[in-house]
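Sequences listed follow chains A and B, in order. If you count by my numbering, then the first sequence holds residues 1 to 309, one letter each, in order. If you count by my numbering, then the second sequence holds residues 1 to 202, one letter each, in order.
Just so you know, the hints here were simulated from the structure itself, not pulled from any lab data. None of the hints are false.
Chain B stretches covered by chain A per the calculated footprint, using a threshold of three residues with CB under 8 angstroms from any CB of chain A:
no.	stretch
1	61-68
2	179-192
Sample of chain A residues with no beta-carbon within 12 angstroms of chain B, all distances over it, derived:
no.	residue
3	G149
4	L164
5	T258
6	T262
7	T283
If you're wondering where the values come from, they're calculated on a predicted model, not measured in any experiment. Even glycine gets a Cβ: it sits at the ideal position worked out from N, Cα and C.
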Amino acid sequence: MNHSHSPRHEELLPAYVLGALDGDEAGELAEHLGEPAAAAAAGASGEGPAPWPLCPICAAQLRQLAAVMEGLALSAPPAPLAEAEAAATLAASRRRLMAETAAGRAPAGAAPVAGPGGAAGDGGSGARRPAAGRWAWLAAAALLVLAVGAAVVQGGLRAEIERLRGERTRIALRADALERRLAQVEMDAERLARTMAVITAPGAQSVQMAGMGSSHAAGRTWVDAADRRAVFYGVRLPPLGAGKTYQLWFIDDDDRKTSAGTFAVNDRGEGLLMVSQPLPAGTHIEGWVVTIEPSGGRPQPTGPIALAG
Amino acid sequence: MRGRAERDEVQGTTAMDVAQLEDSYLLGRIAAGDQEAFARFFDVHSPIVLGNLFRILGGRGEAEEVLQEVFLQVWQQAARYEPGRSSPRGWLLMLARSRALDRLRRREARTRREEEAAAEATYPRLVTPLGTERLEKSELRDRIGAALNLLSPEQRTCIELAFFEGLTHTQIAERLEAPLGTIKSRILLGMNKLRQAIGDRS
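For reference, chain B alone in the conformation it holds in the complex (with noise of 0.2 angstroms):
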């Protein structure tokens, strides 16, 4: 009950509380046009946002593009993020996946995926990926890391296509020539169990 708390713990928490903290604090100051505040943001997340761009777009010049694009819009828009929606971090990844699937939706698709579907094979999706001194104090990422090994090849599959390629049901039924039920609650029970990992946040 009441009396010491095991310093690791802590520190763990601490960590986390204070990114998150940080973070909001940053997105305050650009709103009020702070480019220091918006140097620093970039510096803490523009490698993650570049390895998902890259993930999704599959080459350096388009996701460059895109990353300079995704924080423009942050220095522009930092006023429009909603605290009660998700985290500041969550949000900046949400705008870069966000654009990024559009701008794979306009391109001529159909060779790219050919070529990407060979590749598949070799390239991991997601993995635990070696990131900043700041992300390894990432809880939530461990979090997920964990879950992911304990989903089925298929679930994971499935949610991979969804999240990365921005397919809907229909669209990954066809490309797994599944039946369309199968792939909605392969879609369902996967994010679930993400979802426990991270309700089961203390």
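So that you can see chain A by itself, here it is in the shape it has in the complex (with noise of 0.2 angstroms):
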């Protein structure tokens, strides 16, 4: 798995992604990947967790190319058919998935049961008794059957315990879980609303920022007029060291530099950094910097200028 980038690989990798190639050169390529060969006709798709290619030359080509199949798929014409008839076509189809979809998501098939399966007791039958005793021992074996399918049945319902406990805490588990990656999501939400927010109001003043000489890295930063929050995301900024962060600035009429926060990239390499305080009232903003400083930032600007704008 995963021999040395060449030159070939490179080659392969866009017929790869269309799904063409045949069966040899499929096979070779996945190998180089890490990735099943079936996986070679989804593409970009993933549907399985397939894990991301181990060579990292592929990995931001196949990135690219998984735009341009999604680009493809863009160009598709329409589907042929009248107006109504698109349109009642994807009603139906709301409609259904609605349906389907209404009691929330299926946990997955809990396996049926099987029951303790009580075992009845036989008592048999005695042949001649003598009569005075006779009540007596029918009462015996009745209650000895009984005693047995007692036990019977209390054995199961102990094992049925066993497992209802087992199931209480695998859910207790699990709603944890669920619990925190709903706190995680609302969280998410949030700062994306205050985010889309500040992006979206109605003066927002924008200022495109740029990497510095080769470099790709681009980003924008929004000022909301009315209250002054500033949102910034970058995009193509290479990961940072261990000990180092990105440390966004904005500069005022003075040419002072003041810090807006820190932030970290993805491994897309984008940066989304919500300022926490509004700018100061009255500040004209002249332009913004983002350079790399030490973790947790400096005071003012100490290392080079990843952008600015």
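Using the hints, put the two standalone chains together into the complex.
Here it is in structure tokens:
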């Protein structure tokens, strides 16, 4: 798996994402990428949890090719249906999907539980008994049958109790995990809502930022003129080593640089910063820069400039 | 350098970023079981997905069936979306393509392909389509649309056969009665031109 990268791999990649490679070549590239050969036809869709290619050069190219595939799909002509017919098709599908998903996400199918299967004892039948002891014997036999039956049932119940306890623990753990995920999603949603509020505010001022020299990094800041809230979004920012962080600064009339906060980038090189405090009222913002600083940031820029605008 | 940005350019880029941010947010909500987010995701993307499915499968009934399967898969597997690989819309469109091609391969294909070959001359495959309001803002589609015009007709045909019919190099060579090496280089050059169009995006 993951032999060293060669130009031949790059030649195979475009046809690979299209699913156009024949068996041998598809297998060869899949092996290099560390993906199952069957995933070749699926291209960038990644239906299963296939590992992300181990080769970083191919990973970058696959991301670009995924965008090409998306663009090709967007270039398909619309369904050649009359507008009303297309609308009816979509509406019917929507209704069915809403009905199917109305009950929420179905939990993984619980296996039907085998019952404890109470066995019925058989008392048998005696031959001739002395009349005086007959009822006593029957009572004893009935008691024995009851005792055996009860023991079997009790054993079954105990197993059932254990199973239910286990189930309860699993559900509690799952509920905890869901709770945590919900909290995370809610936080993300709130952050996104605040970000969107700034970006889409009617009087938002936006400044484009570019990387220095041959850098392809780019970024943009938005400032809501009404409440002076600011948002920064950058792309193609290289990941930083340990102990480093990106720091955003705004520059005022007097060329003073004031920190607007620090941010990290994700594995796609994107960074998003919602500036925590409103920018000081009355300050004219002349420009923005992003510098690379030691972790935690610095009161004044000390490191190289990553973006300016 | 620093200073004011041009408003038009700002709005174009903002629309694209915001659309992708919204899609990512919606997928996160769908993964958490939010049906309203799912409905919104369906409303935004179902027209273009239906267009793709219709193009691959050629019939309304089957396209409608696969459309529902694909969105049901989104509902069940939204958590599997990997942001590092593609945009949310790209992920959705590739799920749809993959399912439609599977369906196509399962069919008794021969007769259908012969019928399609006859219809091919008049029905465009890749065009600059009318889209929903949101798709109108797609910078990606505009760039690919422009780049498609730079491809030679032969390169375009090869890419279309692979994309919409799921044919391999060898199958395309047989279909077009052309040497295998020629087909490989047409696809490579054509895809690289398209990739360049995406790569130029600032």
